[in-house]
Amino acid sequence: MKDHYHKELEAYQVSVGGYSRFAITMLRDAFDAFSSLDRELACEIAGGMENFCIQTDEPAMHQEIRVPRKVFLSLRSDQLEEQGLKLIALHQPVAYDLRTISCCMNLISSAERIGRYGKDICHCTYKLPEGIHIRGMARLPEMAEGALSMLEDSLHAFQTRDLSILEGFSSRDDVIDELRYLIYEDCISIMEEDPRTIPYCATYLLVDRYLERCADHACKTAEKIHYMITGERVDIR
Amino acid sequence: MKQQDNALETKALNLYYGSAQALIDVDIQIPKNQVTALIGPSGCGKSTLLRCFNRMNDLIPDCTISGSILYHGEEITGRSTDVVELRKRIGMVFQQPNPFPKSIYENVIYGPKVHGVRDRKQLDEIAEKSLKGAAIWEEVRERLHDAARGLSGGQQQRLCIARTLSVGPDIILMDEPCSALDPIATAKIENLITELKDEYTVVIVTHNMQQAARVSDYTGFMYMGRLIEFDSTPVIFEKPKEELTENYITGRFG
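Protein sequences, first through last, are from chains A and B. Sequence positions in the first sequence follow UniProt numbering and run 1 to 237. Sequence positions in the second sequence follow UniProt numbering and run 1 to 254.
Hints were generated in silico from the structure; no laboratory data involved. Some clues are possibly wrong.
[Said to hold, decoys possible] Residues from chain A shown here face chain B by an in silico Cβ test under 10 Å; the list is partial:
no., residue
1, His6
2, Pro68
3, Phe72
4, His91
5, Gln92
6, Pro93
7, Val94
8, Tyr96
9, Arg99
10, Glu152
11, Asp153
12, Ala202
13, Thr230
14, Asp235
15, Ile236
[What the hints assert, rightly or not] Covered stretches of chain B, going by a simulated chain A footprint (3 or more residues, C-beta under 8 Å):
no., stretch
16, 115 to 127
17, 205 to 213
Where a beta carbon is used, it is the ideal one built from N, C-alpha and C, also for glycine.
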């Protein structure tokens, strides 16, 4: 029979996993909104540009109030952090339990950062005209897929406690870093060829940077998960 | 760890109360000038082990032991050991503060007087030094001749520590010294334990795991008469090697 505290601790991990899932989905949707230059989706995520982005014939008083996902992202982060602190203060956990809460706290702040990069990508969407991208968005879709799969895998490892999922994270991160510089170089030469591409390439450079950061968060999270499970510190990348 | 660094050591220690075995093949090394905590559920043998160190178990009928206990490398289980002298060197503090129904001053000098010190000046010096050592001097210096039972529980406990120090021990055994005290008195005793290790070796039995984590340098986890794991305190509380230890300290027991 499990006592109240351990049930609470398990529920907490489920909540943190759920929050992490929310943030990763936010990033994925943000990149989709950017790829398809879908301002309405971008606005649903990042908010702030409703009048510019959402066309509706409904009179204002009949429009539903939309709360952008970034608001939930930030509120939930504080709530979960407080729950973790409360568990520490009330139960003074040690060993595996303490490492778990510490890992959860790290996951929360990483997830919030990832969600906010999603928001930033949405802001890039606002800056481009509706229509289509140029040059297949350099190699950003490939990079986004790489970073997102690392985030998905680290979350999966957290939920299943299966460290084998994290094997190869270093080399996957190397691939992302390489792409980052390839895209950078590409964008520079595209802009040099034709100055009309500058608004596009400038946002590509920003998204390039955001995605690289997200992959880095996946690596740091993987380190924390490793510590949570084994008690040993490892350096991933 | 080098032999001479251990204040106490047991080898294959077995102890029986009648036919019931309370300690099973305990091998433990208590490092000198360090605080060692013994933790474990009720009935695991931690108090029994503590009481072996100054032969308190001699007082229990039907109690038999085998194996050896070394005090600074010297066997103390034999008949030739001077138990009175041993208990002078290895003092003990109990869960319930137990001052004698005498004055504060008389409590502290009781031991030295029994051991033959008669000189008033010398006794005064011992009293002051012991009370200072137990971090209670400032609180009682103006009322040394008041009744010890009039002190608060925390003060009484520190008085008992002073009484232990008065006969010049080098090891202090503490059996749940804070269990009967409020949090403030507990914090004072914990601070004191940390200070004591400059001069003394301290072994403490506690049910309060946070206390063990706070005050001790080494921790031994006992279960059903066996020493399951012994290591530096951070290792025990951050990543113990034994699953049993982990289950106990994280409260997943039973």
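Here is how each hint holds up against the structure:
The restraint placing histidine 6 of chain A at the interface with chain B holds, with a minimum CB-CB distance near 7 Å, inside the 10 Å limit. Hint status for proline 68 of chain A relative to chain B: violated, with the closest Cβ pair at about 40 Å, above 10 Å. At about 33 Å, the closest approach between the beta carbon of phenylalanine 72 of chain A and any beta carbon in chain B exceeds 10 Å, and the interface hint on this residue is violated. Given hint, histidine 91 of chain A at the interface with chain B, holds; its Cβ is 8 Å from that chain's nearest Cβ, closer than 10 Å.
For glutamine 92 of chain A, the shortest C-beta to C-beta distance to chain B is roughly 5 Å, which falls under 10 Å, so the interface hint holds. Hint on proline 93 of chain A holds. Least Cβ distance to chain B is approximately 7 Å, under the 10 Å limit. Satisfaction of the interface hint for valine 94 of chain A is found here, the shortest Cβ-Cβ separation to chain B being roughly 5 Å, below the 10 Å cut-off. For tyrosine 96 of chain A, the shortest C-beta to C-beta distance to chain B is roughly 6 Å, which falls under 10 Å, so the interface hint holds.
Annotation: interface hint on arginine 99 of chain A holds; nearest CB of chain B at approximately 8 Å, less than 10 Å. Annotation: interface hint on glutamate 152 of chain A violated; nearest CB of chain B at approximately 28 Å, more than 10 Å. Given the 10 Å rule on beta carbons, the hint for aspartate 153 of chain A is violated: about 25 Å separates it from the nearest Cβ of chain B. With its C-beta approaching chain B no nearer than about 48 Å, alanine 202 of chain A sits outside the 10 Å limit, and its interface hint is violated.
For threonine 230 of chain A, the suggested interface contact is upheld, since its CB lies about 8 Å from the closest CB of chain B, less than 10 Å. With its C-beta approaching chain B no nearer than about 18 Å, aspartate 235 of chain A sits outside the 10 Å limit, and its interface hint is violated. Using the Cβ-Cβ criterion of 10 Å, the hint placing isoleucine 236 of chain A at the interface with chain B is not satisfied: the shortest such distance is roughly 19 Å. Beta-carbon proximity to chain A at under 8 Å applies to 0 residues in the stretch 115 to 127 of chain B; the threshold of 3 is not reached and the given coverage is violated.
Interface restraint, the stretch 205 to 213 of chain B with chain A: holds (3 residues with C-beta to C-beta distance below 8 Å; minimum three).
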